[in-house]
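Asks: Here is how the chains run, residue by residue.
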Amino acid sequence: MTQPFHPSLAPLAQRWSTFLDKVRARVQEIEGEATAAYADVIASDAVDGTALSGVSSALKARLLALAAKVDDSWSTIDAEIDKIDLDDGRATGWFRGAQLVLKAQFARWLERETERIIVKGEADAGRALHAVALQEVGQQVPCGHCGVPLDRPLWHQTVNVTCPHCKAVVTLTPGTASAMFTGGAGAINLAREEAFGAWCAMQDAEVAWHKLRHKTLDDLARWEGANRAYWQTFADAMGRLHPGWTPKHVADEVTGKMSWLLQTTSVDDRTVRENNHAGIAAVAAGDPNAVIAWVQRQRDPEDAGEMLITAALERGWGQHATWVAQLVGPIVAGDEPGWAAEKIDELTYYQATRGD
Amino acid sequence: MTVDRFALVGALTEELGKLFDDALLVEPAGGVNDAWAKVLAKYGVAPIGAAEREATRARLNLARGALPAEVAACAHAIANHFASAVGDPRLVDAAAAVWKATEGKYLEHATWRPKSMFAFAVQTAKQAKSKGWQRPPGGYVIRCSQCGGPRLAEELACQFCGKDKLGT
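So the protein lines, in turn, are chains A and B.
Per the numbering used here, residue 5 is the first one in the first sequence, and the count goes up by one each step.
Per the numbering used here, residue 25 is the first one in the second sequence, and the count goes up by one each step.
No lab work stands behind these hints, which were simulated from the structure alone.
Check before you lean on any hint, since a few could be wrong.
[Claimed, not checked] Derived DSS-like pairs (lysine-lysine); straight-line CA-CA distance at most 25 Å:
| # | chain 1 | residue 1 | chain 2 | residue 2 |
| --- | --- | --- | --- | --- |
| 1 | B | Lys-124 | B | Lys-62 |
| 2 | B | Lys-139 | A | Lys-73 |
| 3 | A | Lys-171 | B | Lys-187 |
[As the list claims (entries may be wrong)] Among the chain B residues that face chain A by a calculated CB cut under 7 Å, a handful are:
| # | residue |
| --- | --- |
| 4 | Phe-142 |
| 5 | Pro-161 |
| 6 | Gly-163 |
Backbone N, C-alpha and C define an ideal beta-carbon position, used for all residues, glycine too.
I would like the entire structure built from these sequences, with the hints used as guidance.
Replies: What follows is the structure in structure tokens.
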């Protein structure tokens, strides 16, 4: 909920906003320098990935330092907010919450920009490496015993071939560029670029997942889905880019990458989420009987009623929250007139001052 | 040299020093901002034309500061002013000598750039190029360390002398 801020807070809002704009401008400058550095490194040597990692590390370190600077500056602003004494004790709370939301949005933007710049730079390096690797693909190699030129059945890995002339078993090794593209990070960097859109969607889903205090099985399914979509996109791209990645390899990759989530987050608090799911689904359906029945089934109905109101608010269902409060108020606090309005006011304020 | 002459040379040096400081503060590099325009006007120096200005800025790779030719013209104007004030034309030559000695230092300051955060990585790339560890596709035949016979099968036993393992 948007609240008009007290005029005495406006200069702080302006300072904070101006500061964040300056940091954004600095990030753009850094991107320009990073793009030039990636180009320099790739032009110097497309095969050796050491310097490439150096550019990415320097970039990450610089952007992390900027993020730390944002934190420091927020501490200053925060301390100044504390110094402002207003008649309405909540006024600074609303204001602080709104500025913290800006800070959180900025942190996510910075994280995404960091990833975008690195993914682009490393993918450019991957393309340059791929071009060198392709020059090696058709190259024949002389038999190590009789010297007859031999075709290589696999260009990306070591393979034994029997020489048709002298029958010696010749161990054929890939060129450095081919080995680096498939065994190093070349193909991975290109796959990360292809999957960047899915990575952004996963980042959004992660934010949504962590914002929810009261999670349901549907929320879990969305979070799992975003993870799976990312790893599937990445693995599919690897399947196209890497000659050694079979459909089974692609499937195994997704299974492997998903296993941690499925064995931890997906099973944690399962019972709570199932219960939340039933209650919040009743709210979403607008079914008063189902909502009341769910609240009455809980060990602490008042707490459960609050939970449903909070869950509705944090999903942006403001009207549902009011409806739930009016519905469960007489049941959980029949002898407290104004319970519903008070709860809505209290929980809306809490929601707005969480700062995420 | 008399006390007056010492004072005069001190004042000349001070004014030249201020000129160089003002010149180095000019941004964008090789440009004419308001402050520098005032300096040029004060000494009656005409700004260099846009095309020559851009060419000189690029040739000298200036990071900041006014064009050296404009600074030199201002230094010359200062020397002329002092020379006519004391009636000693040798001051003009002295100022020219000062500028000649200072120009290199001025350019050093005007072309200095902070090291990029990526300088180390770029340098690594340039050095790594000379390492020469990159190889084209290759092939080799494992040989028996006892008789030198080539490997003829997937198994590693030598088919010539019977040694159970080829290679080392």
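Asks: With the threshold set at 25 Å, check whether the alpha-carbon distance from Lys-124 of chain B to Lys-62 of chain B stays at or below it.
Replies: 24 Å, holds
Asks: How about Phe-142 of chain B: closest beta carbon in chain A under 7 Å, or not?
Replies: Phe-142 of chain B check passes; min Cβ-Cβ to chain A is 3 Å, inside 7 Å.
Asks: Against chain A, with CB atoms and a cut of 7 Å, does the hint on Pro-161 of chain B hold up?
Replies: Since the shortest Cβ distance to chain A is 4 Å, the answer is holds.
Asks: The hint names Gly-163 of chain B as touching chain A; please verify it with the least Cβ-Cβ distance against 7 Å.
Replies: 4 Å, holds
Asks: Taking 25 Å as the top limit, are the C-alpha atoms of Lys-139 of chain B and Lys-73 of chain A close enough?
Replies: 21 Å, holds
Asks: Could you grab the alpha-carbon distance between Lys-171 of chain A and Lys-187 of chain B and see if it respects the 25 Å cut-off?
Replies: Holds. Lys-171 of chain A to Lys-187 of chain B sits at ~19 Å (cutoff 25 Å).
Hint check: no violations occur; every hint is consistent with the structure.
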